[in-house]
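Based on these hints, arrange chain B on the given structure of chain A.
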Amino acid sequence: MKLQNRHKGIAFNMHYWFLKKQRVNILLFTVFMLTGLYGLYQGFAFKQKQIRTIDAFRSEKLKALNELKSGFAMDTTKPEGKAAYAKATGIISSNWNIVLPAGKMPSGAAVFNIGQADIFPYYYTIKNESFFMQLFKQGEIANPLRSLAGHFDISFWIVYLLPLLVVILCFNTLSAQYDNSNWKLIGSQGISARQWVLSKCLLVGLLVCAMVTVIFIIGLALNYRAFKQAPVAGDFLFLLITVVYLAFWLAVVYAINAYTKNTSSAALAGGIAWIAFCFIIPTLVTSIAEKTIPVDNTLVSRMSRRPQGSKFDDTTFAKQTITQLGILRPQYKQTTLRPQSPAFVFATYMSYHELMDDTNRIAVNDYFNRIEQRQQVTNTTTLINPAAGIDGIFAHLAANDAQANHDFIWQAKALHQGLHDAYFPPLFFEKRLAENDYERFPLFSYKPATISANSILTCMELLLSTAFIFLISNRRLKKKW
Amino acid sequence: MMYSIIKNEWLQYSRDKRIVWLIAFLLLISAFALWHQLDFQNQLNSTRMKAQQDSRREWLSQELKHPHIAAHFGNYAYKKPALLHCFDPGLSIYTGTSVYMEPHRQNDFLFSKGQESDTGIRFGWLSPALICQLLLPLLIIVLSFNSINGEVEKGTMSLLLSQGISFRQLLFAKTLAVFLVFEIFVTAYLLATAIAAGLLLKAAVDPAGIFYLWLVYSCYCIIWSLSGVYISSRIKNAGGAIAVLLLCWMFTNILLPRISANIAENVYPVATNYQFRKKISEAIEKGLDGHDAQGERAKRIEQELLAKYKVDSVEQLPFNFEGYIMQQGEEYSSKVYDNYFGEIFNSLKKQKTLQSWLGLGSPFVALRNISMAASNASLESEIDFQQQAEHYRRSFVQNLNNDMRDNSAYGSFNTYKVSKDTYGSISDVEIKNHPLAWSFPHIIPDNIGLLCWLLVLIILMYNRSNITGYH
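In order, the protein sequences belong to chains A and B.
Under the numbering used here, think of the first position of the first sequence as 1, with each following residue one higher.
Under the numbering used here, think of the first position of the second sequence as 1001, with each following residue one higher.
Among the hints, erroneous ones may be present.
Chain A regions said to be covered by chain B (calculated; three or more residues, Cβ under 8 angstroms) [unchecked claim]:
| # | region |
| --- | --- |
| 1 | 41–54 |
| 2 | 144–150 |
| 3 | 290–300 |
| 4 | 381–395 |
Taking lysine to aspartate or glutamate and the DMTMM-like style, the derived pairs with C-alpha atoms no more than 25 angstroms apart in a straight line are [to be verified]:
| # | chain 1 | residue 1 | chain 2 | residue 2 |
| --- | --- | --- | --- | --- |
| 5 | B | K1417 | B | E1151 |
| 6 | B | K1279 | A | E67 |
| 7 | A | K413 | A | D55 |
| 8 | A | K137 | B | E1302 |
| 9 | B | K1349 | A | E140 |
| 10 | B | K1278 | A | D179 |
| 11 | A | K137 | B | D1384 |
| 12 | B | K1236 | A | D179 |
| 13 | B | K1278 | A | E67 |
| 14 | A | K87 | A | E439 |
| 15 | B | K1278 | A | E60 |
| 16 | B | K1065 | B | D1338 |
| 17 | A | K261 | B | D1016 |
| 18 | A | K63 | B | E1322 |
| 19 | A | K127 | B | E1330 |
| 20 | B | K1417 | A | E80 |
| 21 | A | K261 | B | E1285 |
| 22 | B | K1420 | A | D313 |
| 23 | B | K1350 | A | E140 |
| 24 | A | K87 | B | E1296 |
| 25 | B | K1279 | A | D55 |
| 26 | A | K78 | B | E1296 |
| 27 | A | K311 | B | E1063 |
| 28 | B | K1417 | A | E67 |
| 29 | B | K1420 | A | D314 |
| 30 | B | K1286 | A | E67 |
| 31 | A | K69 | B | E1430 |
| 32 | A | K82 | B | E1285 |
| 33 | A | K61 | A | D421 |
| 34 | B | K1278 | B | D1289 |
| 35 | B | K1080 | B | E1430 |
| 36 | A | K63 | A | E140 |
| 37 | A | K61 | B | E1282 |
| 38 | B | K1065 | B | E1282 |
| 39 | B | K1299 | A | E60 |
| 40 | B | K1065 | A | D313 |
Derived from the structure by calculation, the hints contain no laboratory data.
Even for Gly, the Cβ is constructed at its ideal location relative to N, Cα and C.
Chain A on its own, in the form it takes in the complex:
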């Protein structure tokens, strides 16, 4: 055992010496480190842009709300004071002016993964009218050119580029020595093929992990310094999953060394493995998920239509609508609103919107669920689809996947409900809005979803496939060399 360890140590030192001796390797590591820093910069810049936008958006909307509220303190003997007071207290006029902001603050890990954050809106204006009518009119200006090319963030660096570095450094660890006829010399030192490849994988693994750790620490420091975000468990899980993913790729190159005889076959196998895992399998799995879980947006896309018209002036229709709302929200069952009241038509209109939202909720929920199921397919097929699976988990940890965005939408829906809870009592019980009603308007605070158990499961799946590849390659190495 001691002798074996000694041989491993010799092999490790030899690899380290070879690696250090070849300047191209230093250049390679420098280039990869710089690309990592560039990826971090991209994630940081994107996150900073989001945070600045949310802050500006929120302060603008809250300022407008405070200005509206200041109508209570105005001198109503003057015309402008009277107008401001009417604007703040009038149940119909205030409706157009009460706008609450909802913003999805990026998580700590968002600096490492942009995910789908560029294509989903991350701030919404919430008014009293139908939530879904407002929701499906608000989008973010997505840059299709960048979406087509993809982000250059840390996730891309880890998922695409680091495996490439591992393959480049290790693909011909054994075959190169065999091709150059050096193997006999190395073998004469008592080093077995298994020890030779394993020690190279270990060395490369350590160096790559060191690079990842440095980038990771810089990312956490940036988060703390620029955004006042302290590290959380999810951030460390990000690092842990990265290490597992790199171990998987080390197992792949270990297998390439075990199963190929010469450098050209090894290069071919390395290239094919990289292309298969980073390109062919993910696109195939995505297309299968598309086929097996169809998503149709045409129903939800038509929820933006504003239901207005003379039907709201019809007293019978109005009474029916308000009664239906009373069934859905019993607190408004005993409404004191009279048909001749100026707010009656408006209350009908708002009731209709509330009922519409209640009906549409099912269709929206189904639409969102189907999209999330597609993500589940990608995340749970990590065994055969490690790159996309891990990328999906990264997006989940960074709260930048579809699920996180849907979660944000449901939180915004809760804010909309909170607004109704403050606004509807004066409306349905024929009162003017009072200053304390404004105090009851909710403030939005985004709560990131808890980390799904699937992340751990994915990590375990990947560990299993890594162990499996190592084991069969080990057997092959023992037999063949």
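Relative to the frame of chain A, chain B by itself:
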């Protein structure tokens, strides 16, 4: 002699099990990609046509109401897939698919495919174009990486040259051998896609578009065949040659497009929707130059009208002033939207130009732009779709404002309703896809880039007159 070499190369390909398996894999995945894309586009076509019809039905069946309230009920425009989206869906996957059109506001295009997919879409969207752009070069590499150095390693090079063929001719013969394999594939694949898409979507095939696509994809195959054989003639070791070629592929097809897109966005950033909407509302409120407030504009128009018709109040005008001023407001807001949407489109166009320049180092970037343009899925096509929809929005809102102006009395907002046939008189939105000639001017630099690649490689190959200079 060249014919014999090509024949011999093909014989060797057929004997190499690795190549046979890879070709079989290419055929399988290509068939799957084609089926997937046809099925996807067909489904899109039918669901969007149905959605457009449903939207129209809802529009026609709405109760009789005031024209402005009817305008607020709004209309929808759904993007109809173009026939060649079955080959290359391009940017259509990442842009919005429908828009809600209403007065006062140019809404965003929402519901992009990217929002409805898993994160795996970031790895690429499986389509025939993706196969031809990314996979074909890989297979060309596999077939060509040892085409010259392999002969040297096996010791058959001298035998070949002793047959009376020059080294230069040998290089071109080997290139031709590889190229022809993929040329047959590209031709058959494009034809199959066009015929199947035509039958499925029941749309006329644009022969010019297909021919042009065939031409540029053939050019792309020649570029990679030349690169493969050239590198094989420069690098003695087959392992080294394949490693270099694979790294070239990764750099030109994966890294450079991504780096160039990210740099282009950093150089020409696109405003966030918040900044964009804020600028628009400020410009509508205060005027585009900041010195023409909304209230003052309305007052000025009122004064001009009163002077023109020589009346004392707007009630005395021969038309409803409310309808008139509503349309004036629409026209001013349209100007504002044109201005700020123009800024966004300009940023995107500049990004695309910068990407094309940075992409000169990659034939893939040039080919991708050309392919998207020929398939009606380029940036310009997407902008055009938005502009056509916006043109429709303005015309339908104008129709209803004019109805209000001409047929209703001043102050009759709560009582006036449109006549029964007004809704039907507003035609449904119809978005047109453009032929190749429309897209071509936008891709001239990319065409030049691709041609430059071809010429440089031919010159390099031509200058390799003997086997010396091996690395």
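Which numbered conditions among the earlier hints are violated in the structure presented, ordered from lowest to highest? 5, 8, 10, 16, 18, 20, 21, 28, 31, 38 and 39
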